[in-house]
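Now for the letters of each chain:
There are 6 protein chains.
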Amino acid sequence: MEMKLSARNMLKGRVKNIVKGPVSSEVTVELMGGDTIVSVITKTSAEELKLAEGKEVLVVIKASSVMIATD
Amino acid sequence: MEMKLSARNMLKGRVKNIVKGPVSSEVTVELMGGDTIVSVITKTSAEELKLAEGKEVLVVIKASSVMIATD
Amino acid sequence: MEMKLSARNMLKGRVKNIVKGPVSSEVTVELMGGDTIVSVITKTSAEELKLAEGKEVLVVIKASSVMIATD
Amino acid sequence: MEMKLSARNMLKGRVKNIVKGPVSSEVTVELMGGDTIVSVITKTSAEELKLAEGKEVLVVIKASSVMIATD
Amino acid sequence: MEMKLSARNMLKGRVKNIVKGPVSSEVTVELMGGDTIVSVITKTSAEELKLAEGKEVLVVIKASSVMIATD
Amino acid sequence: MEMKLSARNMLKGRVKNIVKGPVSSEVTVELMGGDTIVSVITKTSAEELKLAEGKEVLVVIKASSVMIATD
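Chains as they are written, first to last, in numbering that gives the first Met the number 0: chain A, 0 to 70; chain B, 0 to 70; chain C, 0 to 70; chain D, 0 to 70; chain E, 0 to 70; chain F, 0 to 70.
Heads up, none of these hints are tricks.
No copy is singled out in the list; a pair is fine if it fits within one copy or between any two copies.
Cut-off 25 Å, straight-line C-alpha distance, at most; resulting in silico cross-link-like pairs (SDA-like, lysine to any residue): (1) Lys15 with Glu55; (2) Lys54 with Met2; (3) Lys3 with Thr43; (4) Lys49 with Ile17; (5) Lys49 with Ala68; (6) Lys19 with Gly33; (7) Lys15 with Thr69; (8) Lys3 with Asp70; (9) Lys54 with Arg13; (10) Lys54 with Asp70; (11) Lys49 with Met31; (12) Lys11 with Leu30; (13) Lys54 with Asn16; (14) Lys15 with Glu29; (15) Lys19 with Ala51; (16) Lys19 with Glu55; (17) Lys49 with Met2; (18) Lys3 with Thr69.
Keep in mind the hints are simulated off the structure, nothing from the lab.
Please work from the sequences and hints to get the whole structure.
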């Protein structure tokens, strides 16, 4: 059985780098299309998900958190 | 002179679709790498940025708004 | 296979009410413990998840979106 | 005189655990209904609110930060 | 008795304009210092707070939602 | 050429204080009108923007992240 999430943005990628602090972790993910996404999650989440360089992950973003810019 | 933003995620794309409500607008952007991102911004922002299908834009996301999932 | 999410907060509940606008939907969920949570997601998400009164759902909240108050 | 807040979600609970980093603090709150909520706030906020294990608090969440998932 | 909130940013202002949709409301607030802040909250919140032009309010923003830009 | 951003709130100010952790940085900005805003961004962003006390910056906030309170 599969969980479905209301978050509109779920992008496949691979963990490229992890920096851990005492509370927060910064996780850099390289998307399949070549773009790079940086995420800050709790250190506990990074550990529970067993994140490590090279691991396949989904990047998840709620639509109301996404801004648009024009040059 | 160029504005620099603390938001870690700025991805190039092209507007694919816009749905406007009285307050909010939903903007779908196709990224260069092929992924699709959905954004909800105010209708006023969509108008001030003159967003329209096909327009080149940047998708901007603060790192603390990005989650990670594993299958 | 089960999706695991970095969001630290996932609470079981049941949809109590849905209000749909042209872009956003407001979904009220009654948690198992009796508390009530209000969520605003896109109308498209509400439809894709086939949300309806009485449906069992999970409420998902990123830890960095949670504030604390004291009386 | 009482402050009223636009945030739709205010749930009563009790602090269960606090982890402090140099900038951020992770605060775990047990809700009256038995659910547990994790919050990341600044270390300064945790200190100004004098948060400590056992203290009664309110968990406050803006509706637009709440997602919904279905199994 | 006074509620204290972990949100680090609480700025005094006065409601300048309200636009209501079926789910969301856009509230424009003029701060004491002259700056203008736009907020999107639920229509229900705007009604429960009895927001109206000229009403004194506090603008509340969690620190993790604030970005910094340089020119 | 100038970047335009959908974020409705862009306020001029000057950096007053920076606290750096291993992942996150807390940046306090004094607005032109006298109000003070606290931001949490990644340490990497603070370094890339070369933030330092006294530097002129813009505080950027998405409208959907702004709450309203009344006394």
